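Here the protein sequences come in this chain order: A and B.
Residue 209 in our numbering sits at position 209 of the first sequence; the count goes up by one each step and never skips.
Residue 258 in our numbering sits at position 258 of the second sequence; the count goes up by one each step and never skips.
Bear in mind the hints are in silico, worked out from the structure with no lab data behind them.
The structure presented is a predicted model; accordingly, all values stated were derived computationally and were not measured.
One or more hints might be untrue.
Copies of the same chain are indistinguishable here, so a pair counts whether it falls within one copy or spans any two.
[Claimed, not checked] Capping the alpha-carbon separation at 30 Å, the derived lysine-lysine pairs in DSS-like fashion look like this:
1. K191 x K288
2. K166 x K28
3. K258 x K405
4. K239 x K28
5. K173 x K218
6. K405 x K166
7. K479 x K258
8. K485 x K239
9. K292 x K166
10. K28 x K96
11. K173 x K239
12. K111 x K96
Spelled out, the chains give:
There are 2 protein chains.
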Amino acid sequence: MGKEQPAVTAQALALRQREISVSEFFTKNRHLLGFDNPGRALLATVKEAVDNSLDACQEAHILPDVFVEVRQIEESRFRVIVQDNGPGIVRQQIPKIFGKLLYGSKFHTLKQSRGQQGIGISAAGMYGQLTTGKPVSITSCSRPGRPAHYYEIQLDTERNQPIVLKEAEVEWKGEGCGTRVEIELEGRYQKGRHSVDAYLQQTALANPHVDIHYLPPKGDPMRLPRVVDALPPDPREIKPHPYGVELGLLQGMLKAAKGQRLSGFLCGSFSRVSRATAFEISSRAGLKPEAKAHLVLGEEVERLFRAIGQTKLMAPPTNCLSPIGEEIILQSLRQQIQADFFTARTRPPVVYRGNPFLVEVGLAYGGSLPADEPIALHRFANRVPLLFQQAACAITDAVLRIDWKAYGLSQSRGALPGGPAVLLVHVASVWVPFTSESKEAIADYEEIVREIRLALQDCGRQMGRFVQRRKREVDAERKRSYIEKYIPYIGEALQEILDLRADRRSLLEENLKNMLERSRS
Amino acid sequence: MGKEQPAVTAQALALRQREISVSEFFTKNRHLLGFDNPGRALLATVKEAVDNSLDACQEAHILPDVFVEVRQIEESRFRVIVQDNGPGIVRQQIPKIFGKLLYGSKFHTLKQSRGQQGIGISAAGMYGQLTTGKPVSITSCSRPGRPAHYYEIQLDTERNQPIVLKEAEVEWKGEGCGTRVEIELEGRYQKGRHSVDAYLQQTALANPHVDIHYLPPKGDPMRLPRVVDALPPDPREIKPHPYGVELGLLQGMLKAAKGQRLSGFLCGSFSRVSRATAFEISSRAGLKPEAKAHLVLGEEVERLFRAIGQTKLMAPPTNCLSPIGEEIILQSLRQQIQADFFTARTRPPVVYRGNPFLVEVGLAYGGSLPADEPIALHRFANRVPLLFQQAACAITDAVLRIDWKAYGLSQSRGALPGGPAVLLVHVASVWVPFTSESKEAIADYEEIVREIRLALQDCGRQMGRFVQRRKREVDAERKRSYIEKYIPYIGEALQEILDLRADRRSLLEENLKNMLERSRS
C-alpha cells in the first residue's frame, strides 16, 4: 500500500465525476430494498406483486382473487407467479412500470395505498434479472373479451430504462381482466415466521375481502377464502395540509404557480384553506391576496411560511384513510385463531407532519394459544404485513413500553410479553414513514408511537378484565370442587353432631349440592 | 369514507403513472438520509462536508487543515461553514456536485473512500434549502494564485438538476487552493454524544493527520492539532473480483464489451484473472477464448458464470484499503485519552461478496476513565465516525457477543460491558454495506461480524492480562502494606521471645523492611 501514486489534481478529479443512475445505485445497495438474501428476496417479490394486485383491484372496485405460485426450478432458483382479476395494465405502461425504478402512480397522490414509492416491482424484477439473467414476464388484459398482451422486460441498469425483449398478443386465461407477473430469481424457500405462507395468512388477516389461492413448491395447495364480501371503503385523495409543508417546498410551489393569484394558490394547493382563510394568511404575512403567486420571493416566502404556522387551521381530512375497522378485525381474528377472548380498537385519525394516520389494534387471548411463549406480534402498515426488522419498528417500540403485567401477561424488561395471545397492530397513513426502502419497519415518530400505545392500552385493559374475571372464576370453581369433595364428610359430621336420620342427612347433602350448583351459574 | 368514488379503469390508472425524480424521492424520504430531525441534520451536514474535504486532500496528497464553524442565526437556524486547503473543485463541476443527487466520483471506483454514494453533500444542501429556502454557497480555488469562483446553487427537486442563482469571481482567503462550503439550515445544536464536538474529536481519533479548527455557536473555539505528520498510504483502485459479480451483472458487462474477445474481456474487467486463468475459465465453460464477448448469450452466460465459480482464484488485491494501523491508533488514543493501558490490532484484509475489507480495534483501559459505567464504544467506517443507530450496527452486534467478563469487564446480557474502557472499532472496505443511506450503521454480513469479533478478542486478551496483572499487583501491595504495619509489633514480640537487645531489634526490623522493599521492585 505505497504512496507511489501521483497526487491527483482538481482537473483530474473533475474528469471522474459521473452521474449514477437510480438502478445502478440500488443494484449496489440492494440490501436497502430488502433484496440482500435469497430467503428475503423471494418473500419481497411475492409481496410486491400481491400489493400491486390488491391496490389495483381496490381502485377498480373488484373483489380480489389472487393466485400465487412459487415454483422450484433448481435448488436455489424459483419462479414466482402472481395472477389477479384486477383491471389489467394498459400495454404502453407495462415496460416502464416493470422496467424502471421510481416510476409509479402512488408517489404523488396523498391517500392510503400499499405501494407508495414506485420502486417495488421493478426492484424485484431487477433482482431476478441480476441473479438469473431472466427477464420479467407480464401478461395483462385490460379490456374484457379482447386479447391480452404479453411482454418480456429487462431493466437497463445503467440508464434505468426498460428493454422490451419480447412482445405478443395472447389469450387471457381467466375471466374478465387481470394481470399475471412472473419473475425467476435466486431464492430460498423458508418455513415458519418468514415464509410465504405466513405472509399470505397475515395478508388475509388484514384483508379479509381477498380470496387467495397459493401453490407452494412442495406440499398441498393452500386456500384462504374471503371472509367478507365487500371491498373496504375507498380512500380519497387529499391535498397536502399547510402545516406539513416546509419553507423550501412552499418556495418551489409558489415558483411553479404561474398564472395564479396568491389566495387562489393557497386555496387550491392545500386542504383546509378556504378563501377566507387564504385572505387571513395573506394579510398576516403582509401580502396582497391578489398578488401573483410566482412573484412571492425571498423574505416574503418566509413571512408567508410563518403566517401559515400562526393561522388556526382544521386538521386534514381523514377520508384519505381506509381502516380495517373493529368489526372486521374481530371477524378476521375469529376466522384464523382459536382463542377464548377477542377485542379490537380502531383509534380516530390524527396527524404527524401534516400527514393523516390512524392506528388499529386486534388482540386474541387464551384458547389453544401457547401460554409459555412470547405473544405473537403481527405488524401491518397500510394493510401490508411487515415480516422483518421487528426490533427496528415503532410498533415494537410501543409494545415494549406497555406494562403488560397489569393486563395479565408476563413480561421481562426489554422483551415481548409472554402469554397465550396474538397481537395485531395496523398503522394506516397517506405516507407511512419507513426506516428504509425495504418498507419493513416504521420509523419512530413520537405521534405514531403515542397512538399505538393508546390503542394497545385500550385493548390491554379489556384483556386484563377478561383475564381477571377468568382467574376469579377458576379460583371459585376450585373452591367449589374442593367443597364438593367434602360434602359427604360434612354430612357425616353433621349427622353425628345433630343426631340426624339417614334420610335427613341425604337431604342435607342434597341441599348443599344444590346451593353449590346455584352459585356456579 | 364512502364508496361514492367511481371505479377506476386501467386507462385512468395509466394516466396517473409518472416518473419520480431521485430528489423528489429523497425529499419525501429524507429520514432515509439521516435528515429527519434538526439535531441529526446539523451533524450530518458537518459530516458530509468534512468527509469530502478529507477525501479530496487525500487524493491530492495534501495534509488537511479543516476549519469548521457552526454559526447560530436564529433559535433553530444555523449556518454550517466548512473550509479546507484541498485541491479545490473545477468550476464547471460545482453545480452538479452540490445541486444534483447521485452524482459523484467514488461510486464507480472500487477503493476505500469516505464518500461512496454521490448523495451526501447534495442531500445536505437540499435539506438546507427545504428548511430555510436558502441556497448552498460554494467558494473554490483550484489554481493557486488565481481567483476563486463563488457559486450559489439550488437543487431543482422535480428534475434533480442544479440551478445556479449566482456566480462570481472572488479572492481566495487562504493559502494555495481549497474549498469553502456554507449551508444554512434548520437545526438543533446538541451537546454530548451526538454533538459536533464529539464528531470532530472522533474524526481526529481515526484521522490523526488532520488539523481541525472548530468555532462553535457558543463558547470557546476548539483546536485539534494533527498528531501525525504524514498522510495515510493511498488506497489503490481495483477491478471487481469475479466471485463478487452476479449472473445478471456479468450478462450486462458482456453485452457492453463490443470489440473484445472473451479472454481479453475476462482479463481486463476483473482483478486476479491472468490470460492463463481466462483460458481456463473459458474452456471450463465450453467457450472459445477468442469468441466475441458481446455474442456470449443466454445459456452460455450461465455456463461462464458457473465456470468462474469453479475456478480457483486468488483473493482480491488489498492495496485498495487504507487502514489506520496499530501504531497510529495507539498514538491517537494516547493523545486523547488518560488511561493506564493501550492496545490495538489491525487484522489482515479479507473478503465479503468479492469486496475486500478489514477490521481494526483500539482499546484503552484504566486511568481516569469512569469505572462504573458502560464502556465508550466509538464506531468507524472508512475512517468516518458513526454516531447514530448504534443498536442496528454490526459492530455493536459483535461487541455484544464477546464474553467481556473473561477480559476483566463486567457485563449484563444484551448490554455493553461495564468498566473504565474506551473501545474503537474501524471497518474499512471498498464498499461498506450500510443499513441505510444515512450511513450510520453497518449491515450484519457474517464475514464482517466474524472479523470484528476476532479483533475484539485479540485486544480483549491483552486487556485481560493487564487487568489480571494489575489485580495481582494491587493484592500483593495490600498484603505488603498490611505486613509493614505490623513490623514494629513483630519486632516487639521477637524482642521478648528471643530476649533481643534494642539495637538487634532495630536491625531486625530494618532487615524485614528491606526484604519487603526488595519484593516490591
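Practice task
Go through the copies and call it for K258 and K405: within, between, both or neither, with a Cα cutoff of 30 Å.
Solution key: neither (60 Å within a copy, 69 Å between copies)
Problem - Within, between, both or neither, where K191 and K288 count as close if Cα-Cα is 30 Å or less - result: neither (65 Å within a copy, 43 Å between copies)
Exercise for the section: Please work out whether the CA atoms of K111 and K96 approach to 30 Å or closer within one copy, between two copies, in both situations, or in neither? Expected result: Only inside one copy: K111 and K96 sit 23 Å apart there, 34 Å across copies, limit 30 Å.
Problem - Homo-oligomer pair classification [K28, K166; C-alpha up to 30 Å] - result: Close inside one copy (27 Å), not across copies (35 Å); limit 30 Å.
Practice task
At 30 Å max between alpha carbons, let me know whether K485 reaches K239 within a copy, between copies, both or neither.
Solution key: Answer is neither; intra-copy 71 Å and inter-copy 85 Å both fail.
Exercise for the section: Evaluate K239 and K28 at a C-alpha cut-off of 30 Å and name the case that applies: within, between, both or neither. Expected result: between (35 Å within a copy, 15 Å between copies)
Practice task
With 30 Å as the alpha-carbon cut-off, assign the pair K405 and K166 to within, between, both or neither.
Solution key: neither (61 Å within a copy, 63 Å between copies)
Exercise for the section: Go through the copies and call it for K173 and K218: within, between, both or neither, with a Cα cutoff of 30 Å. Expected result: Classified as within: same-chain Cα gap 24 Å, cross-chain 72 Å, threshold 30 Å.
Problem - Same-copy or cross-copy closeness of K28 to K96 [CA-CA at most 30 Å] - result: Answer is both: 21 Å inside a copy and 22 Å across each meet the 30 Å cutoff.
Problem - 30 Å Cα threshold - placement of K258 relative to K479 - result: neither (82 Å within a copy, 89 Å between copies)
Practice task
Using 30 Å as the alpha carbon limit, work out where K292 and K166 are close: within a copy, between copies, both or neither.
Solution key: Cα proximity of K292 and K166: across copies only (24 Å, versus 51 Å in one copy).
Practice task
Give the relationship of K173 and K239 under a CA distance limit of 30 Å: within one copy only, between copies only, both, or neither.
Solution key: neither (40 Å within a copy, 48 Å between copies)
Hints 1, 3, 6, 7, 8 and 11, counting from the list given before, are not met by this structure.
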